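Counting in this note's numbering, the sequence shown runs from 948 upward without gaps.
Hints in this document: simulated from the structure, not taken from any laboratory. Since we're looking at a predicted model, the values are computed, not measured. Any given hint could be a false lead.
Simulated DEER-style distance windows between Cβ atoms [what the hints assert, rightly or not]:
#1 R1203 <-> S1113: 19 to 27 Å
#2 Q968 <-> G1112: 50 to 58 Å
#3 S1131 <-> L1003: 47 to 55 Å
#4 D956 <-> G1112: 48 to 56 Å
#5 L1250 <-> G1169: 35 to 43 Å
#6 L1250 <-> E1193: 50 to 58 Å
#7 H983 <-> P1239: 32 to 40 Å
#8 L1250 <-> E1212: 47 to 55 Å
#9 S1025 <-> E1064: 48 to 56 Å
Taking lysine to aspartate or glutamate and the EDC-like style, the derived pairs with C-alpha atoms no more than 16 Å apart in a straight line are [what the hints assert, rightly or not]:
#10 K1152 <-> E1193
#11 K999 <-> E982
#12 K1175 <-> E1153
#13 K1152 <-> E1170
#14 K1162 <-> D1222
All C-beta atoms, glycine included, are put in the ideal place defined by N, C-alpha and C.
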Amino acid sequence: MMQLREEIDGIDQKLVELFKQRMAVSRQVAAYKQEHDLPILDAGRERALLAKVGSLAGEELADYAEAVYRSIMAASRSYQKQCGGSGSPVYESIRTALRTTPELFPQRAVVACQGIEGAYSQIACDSIFKSPTILYFDTFEHVFKAVESGMCQYGILPVENSTAGSVNAIYDLMTRHNFSIVRSARLKVSHNLLAKAGTDLADIKEIFSHEQAIKQCSAFLGELKGVKVTVVPNTAVAARMVSQSERRDVAALSSRFCGETYGLELLRTNVQNRDNNYTRFICISQKPEIYPGADRTSLMMTLPHKPGALYHVLSKFYALG
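All chains should be built: construct the whole structure from the sequences, respecting the hints.
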């Protein structure tokens, strides 16, 4: 065994020397790419090299050789970036953001929110900005468009809830719009059943609310018999609908703040399934902004449906820190 290990050590020494030579050439490639404004990644070249390596290694070792060379090429790309070669558009935008973002996050800004006065997005916005000018939009997509077009500097969007999970509509829209996340806020959400003054729970025939609030209060709603549950665009919209309705048999699942805003009484308080019910909101901008102390990175990606796809992505984070 000792002799075999010594033999492996000798081979490793040769491999390290060859690796150093390869990285030295890679450094020259980086200089050429920088001079000619070429991207670091050449996907066609890498595919051809992997095919060649697999062929040279033979059928038994092809997969192992390709795995080794994927790591080598990833290290080479990282080294080229470190040596000053041009990176991807995302990489360059991050570098620009690090240079140009102000020291302090703005306290005043024009911010897009979905819904109307009293929406949870507004409450989240007020927790992020000291004195925002809020523009309300009917849909989440209009919030994205308002930021993309420059109409609003920022937009506030809910992305996940501790009870109901991800807000799928937001994730679908994320794939269709260009934006950056600059800040996030975790908001405790307490839902209440709101109705006109003098209304009893036994009188209620229909309840309005947003689909997420309905999911978060499913246990309470399940106890009500013969009550219709109607989905509306926003919990604040639900409260306003009840306030403006001539009917006295309708109620809304909404916030205490909406009860005060639209003159409604609390029939029941804290009717969500879990007391520790939190929603995470993100603040988006048109371009990346990286403020001092930023310590969270959010990525959205699509991977091929094949074994090892996620591993290949996560291994880059492990290797490069």
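Evaluation of the provided hints:
In this structure the hint that R1203 and S1113 lie 19 to 27 Å apart at CB holds, the actual value being about 26 Å. Under the hint 50 to 58 Å, the C-beta atoms of Q968 and G1112, about 51 Å apart, fit the expected range. Checked against the hint of 47 to 55 Å, the pair S1131 and L1003 passes, with Cβ atoms roughly 48 Å apart. Taken as a hint, the range 48 to 56 Å holds for the pair D956 and G1112, whose Cβ atoms sit roughly 52 Å apart.
Judged by the Cβ atoms, the range 35 to 43 Å given for L1250 and G1169 holds: they are separated by roughly 38 Å. Distance hint check for L1250 and E1193: the Cβ-Cβ separation is about 53 Å, which falls inside the suggested range of 50 to 58 Å. At roughly 35 Å, the beta-carbon separation of H983 and P1239 lies within the given 32 to 40 Å, and the hint holds. Taken as a hint, the range 47 to 55 Å holds for the pair L1250 and E1212, whose Cβ atoms sit roughly 50 Å apart.
Look at S1025 against E1064: about 49 Å separates their beta carbons, and that is inside 48 to 56 Å. With a C-alpha separation of about 14 Å, the suggested pairing of K1152 with E1193 holds against the 16 Å cut-off. In summary, the hint linking K999 to E982 is not supported, as the alpha carbons are separated by about 28 Å, beyond the 16 Å threshold. Annotation: proposed proximity of K1175 to E1153 holds, straight-line Cα distance about 5 Å (limit 16 Å).
For the suggested pair K1152 and E1170, the alpha carbons sit about 13 Å apart, so the restraint of at most 16 Å is met. For the hint pairing K1162 with D1222, the CA-to-CA distance comes to about 14 Å; that is within 16 Å, so the pair holds.
Checked against the numbered hints given earlier, this structure breaks only hint 11.
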